[in-house]
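The primary structure of each chain is shown beneath.
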Amino acid sequence: MTALIEVRGLDKAFGGVHAVEGVSFSVQAGQVYSVIGPNGAGKTTLFNLISGIYTPTRGEIRLNGENTARLAPNQLAERGMCRTFQQMQICMNMSAIENVMLGRHLKLRSNLFATLFRLPSQLRDEAFCRERAAELMTFVGCGDYLEHEASAMSYGALKRLEIARALAAEPKVILLDEPAAGLNATETAQLEALIRKIADQGTTVLLVEHDMKLVMGISDRLLVLNYGRVLAEGTPAEIRENPDVIAAYLGG
Amino acid sequence: MFKRFMQLRLRDLVILAVILFSLPAFLDNPFHYELATQMAIIAATVVGLNLLVGYAGQVSLGHAGFFGLGAYFSAIMTGSYGWSALPALLVGAILVGVIAWIVGRPILRLKGHYLSMATLAVGFIIAIIINNETGLTGGPDGIPVAPFDLFGWELSPFGSYSLLGVELSGSQAWYLFSALVLLLAVWLAQNLIDSQIGRALRSVHGSEVAARVVGVNTAKYKSLVFVISAIYASVMGSLYAHFQGFITPAVAGFDFSIVLITMVVLGGMGSTMGVILGAVVLKLLPQLLADFQELEAVMFGLILMLTMIFMPKGLLPTLQRSIGRRLKKKAEGQA
Numbered sequence: 001m002t003a004l005i006e007v008r009g010l011d012k013a014f015g016g017v018h019a020v021e022g023v024s025f026s027v028q029a030g031q032v033y034s035v036i037g038p039n040g041a042g043k044t045t046l047f048n049l050i051s052g053i054y055t056p057t058r059g060e061i062r063l064n065g066e067n068t069a070r071l072a073p074n075q076l077a078e079r080g081m082c083r084t085f086q087q088m089q090i091c092m093n094m095s096a097i098e099n100v101m102l103g104r105h106l107k108l109r110s111n112l113f114a115t116l117f118r119l120p121s122q123l124r125d126e127a128f129c130r131e132r133a134a135e136l137m138t139f140v141g142c143g144d145y146l147e148h149e150a151s152a153m154s155y156g157a158l159k160r161l162e163i164a165r166a167l168a169a170e171p172k173v174i175l176l177d178e179p180a181a182g183l184n185a186t187e188t189a190q191l192e193a194l195i196r197k198i199a200d201q202g203t204t205v206l207l208v209e210h211d212m213k214l215v216m217g218i219s220d221r222l223l224v225l226n227y228g229r230v231l232a233e234g235t236p237a238e239i240r241e242n243p244d245v246i247a248a249y250l251g252g
Numbered sequence: 001m002f003k004r005f006m007q008l009r010l011r012d013l014v015i016l017a018v019i020l021f022s023l024p025a026f027l028d029n030p031f032h033y034e035l036a037t038q039m040a041i042i043a044a045t046v047v048g049l050n051l052l053v054g055y056a057g058q059v060s061l062g063h064a065g066f067f068g069l070g071a072y073f074s075a076i077m078t079g080s081y082g083w084s085a086l087p088a089l090l091v092g093a094i095l096v097g098v099i100a101w102i103v104g105r106p107i108l109r110l111k112g113h114y115l116s117m118a119t120l121a122v123g124f125i126i127a128i129i130i131n132n133e134t135g136l137t138g139g140p141d142g143i144p145v146a147p148f149d150l151f152g153w154e155l156s157p158f159g160s161y162s163l164l165g166v167e168l169s170g171s172q173a174w175y176l177f178s179a180l181v182l183l184l185a186v187w188l189a190q191n192l193i194d195s196q197i198g199r200a201l202r203s204v205h206g207s208e209v210a211a212r213v214v215g216v217n218t219a220k221y222k223s224l225v226f227v228i229s230a231i232y233a234s235v236m237g238s239l240y241a242h243f244q245g246f247i248t249p250a251v252a253g254f255d256f257s258i259v260l261i262t263m264v265v266l267g268g269m270g271s272t273m274g275v276i277l278g279a280v281v282l283k284l285l286p287q288l289l290a291d292f293q294e295l296e297a298v299m300f301g302l303i304l305m306l307t308m309i310f311m312p313k314g315l316l317p318t319l320q321r322s323i324g325r326r327l328k329k330k331a332e333g334q335a
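In order, the protein sequences belong to chains R and U.
All residue numbers for the first sequence refer to this note's numbering, where the first residue is 1 and numbers rise by one.
All residue numbers for the second sequence refer to this note's numbering, where the first residue is 1 and numbers rise by one.
Do not rely on the hints blindly, as some may be mistaken.
Here are a few chain R residues that face chain U, going by a calculated C-beta distance under 10 Å [said to hold, decoys possible]:
no. : residue
1   : R70
2   : Q75
3   : R83
4   : T84
5   : F85
6   : R104
7   : H105
8   : E126
9   : I246
If you want the footprint, here are the derived chain R segments under chain U, 3+ residues with CB under 8 Å [claimed, not checked]:
no. : stretch
10  : 26-40
11  : 109-121
12  : 188-198
Quick partial rundown of chain R residues pointing at chain U, CB under 10 Å, derived from the structure [what the hints assert, rightly or not]:
no. : residue
13  : V17
14  : S51
15  : T55
16  : P73
17  : L76
18  : C82
19  : N99
20  : G103
21  : C129
22  : E162
23  : E241
24  : P243
25  : V245
Just so you know, these hints were derived from the structure itself, not from any lab.
The model shown is predicted, which means the values in this text are computed figures rather than measured ones.
Cβ coordinates follow ideal geometry from the N, Cα and C atoms, glycine included.
Input sequences plus hints: build the corresponding full structure.
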């Protein structure tokens, strides 16, 4: 069985600094796969490489067997990859539901003429898109914000809204970059339940996260980075026992 | 929720229609009608520019260039080549669209000030060409333009018409025509904004990286909106030329580009009704300040500065918010 995501010898240098160096791992379809590591370990850089924001200096990334290392983010979206950001990227000039509807961009095929003259076909597509977006907002727990502007939402709600937008694209794999950052304990518990629900629907989840309790609880496998290199890889139980990981994390 | 949104869009359009068609009650001479017609044409131009600047967040400081191209294309084709006005307007619009697409592809890769500079240069180049191609454009002296004609029916500000039994002077007929054009321009712009394409455009402004990860080809959408706003300008330029009957290179000039962008910023970026208000205010101010003739430029600048400091979101959005807040307070007081 080939892996959904296969990373081989990935390298990214900014000037002389190797943010990611010789990283290899593979993610099977349907897994919750987490990347952890101390600050500056290269987790977000790795995510930016996989999602096409950065181009790798060396190495390859295969999505469903296709080398996607040089593709732009929008081309990756066409191939079923979507992500959220550590620094939330919400369009504050739109309403909450429009942000989610934006996620369905690739599912809609309206042309300019139909749009300008509001032809019935276009109105039907729009109504369906709005309905789906509303369902997704309820699914992630932002159901109360259906009629709100994005700029009027709380931080925790915006984090979930961003996940709803990514899900709206109906991706095969979703990359979540520190979804629990800045959330309190209750919100983190809700997030954990949400990630489980997403995984149960068959979507592969790639997760960068600091919250160890969350990560250990929901991940099928973990990748531990330190100074841009792979320190360890394995199941949560293996990682917990790994002496290198304990040393890096506890400074022992 | 969807219905509510539809109602909001319709509400704006209906309010605008009511204002436009009740305005003649307050206009009592041809000069008023002329001013109102100019306002409507320029407001429609600004509605198009707002798609680019207000919604997609890409600044153009050369939009008068496209306005001027449309105006001169119509003037030359109807004047020297005997075309009728409508085909000249349409072919001009398509040509300007093509030019905007060719120019837009490379320069829309630039961001912020660099894009502003590039569009500024585009506007300058167009103005310089119009100024120097004396044989074709009449150069700095300007060029006369034939009246607008539609299927053999001529619309001149100096004619007189009867519509459904009502006698109309030429300037009244022109005003009604331009009001209809403005309504159409607003309707099309609203349709565009409230759609998949519109969301993609706004996401370019809101968060370009977010747009790209959900699959929006941002370069394509920036070009698209640049072309659409240029076509708006070209069509309105053509109409303006026919209405004025005489145009000079000033219609494509830097000053006019700045006036257009100021209307967008003053009225409220990303608010279609706002930018129309911006166009009206900036067109009216010089008339109202006529008493302070020698101080006009100073007053003009001062008003703009104060608006920008105290209403950075623009006139209409600020007014709407303060009214909304007051109503809310009142409702809470009663509860």
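These are the hints, each one checked on the structure:
{"no.": "1", "hint": "R70", "verdict": "15 Å, violated"}
{"no.": "2", "hint": "Q75", "verdict": "8 Å, holds"}
{"no.": "3", "hint": "R83", "verdict": "5 Å, holds"}
{"no.": "4", "hint": "T84", "verdict": "9 Å, holds"}
{"no.": "5", "hint": "F85", "verdict": "7 Å, holds"}
{"no.": "6", "hint": "R104", "verdict": "8 Å, holds"}
{"no.": "7", "hint": "H105", "verdict": "5 Å, holds"}
{"no.": "8", "hint": "E126", "verdict": "7 Å, holds"}
{"no.": "9", "hint": "I246", "verdict": "35 Å, violated"}
{"no.": "10", "hint": "26-40", "verdict": "violated (count 0)"}
{"no.": "11", "hint": "109-121", "verdict": "holds (count 6)"}
{"no.": "12", "hint": "188-198", "verdict": "violated (count 0)"}
{"no.": "13", "hint": "V17", "verdict": "22 Å, violated"}
{"no.": "14", "hint": "S51", "verdict": "6 Å, holds"}
{"no.": "15", "hint": "T55", "verdict": "14 Å, violated"}
{"no.": "16", "hint": "P73", "verdict": "4 Å, holds"}
{"no.": "17", "hint": "L76", "verdict": "8 Å, holds"}
{"no.": "18", "hint": "C82", "verdict": "6 Å, holds"}
{"no.": "19", "hint": "N99", "verdict": "8 Å, holds"}
{"no.": "20", "hint": "G103", "verdict": "5 Å, holds"}
{"no.": "21", "hint": "C129", "verdict": "7 Å, holds"}
{"no.": "22", "hint": "E162", "verdict": "8 Å, holds"}
{"no.": "23", "hint": "E241", "verdict": "36 Å, violated"}
{"no.": "24", "hint": "P243", "verdict": "37 Å, violated"}
{"no.": "25", "hint": "V245", "verdict": "30 Å, violated"}
Violation of the numbered hints given earlier is confined to hints 1, 9, 10, 12, 13, 15, 23, 24, 25; the remaining hints are satisfied by the structure.
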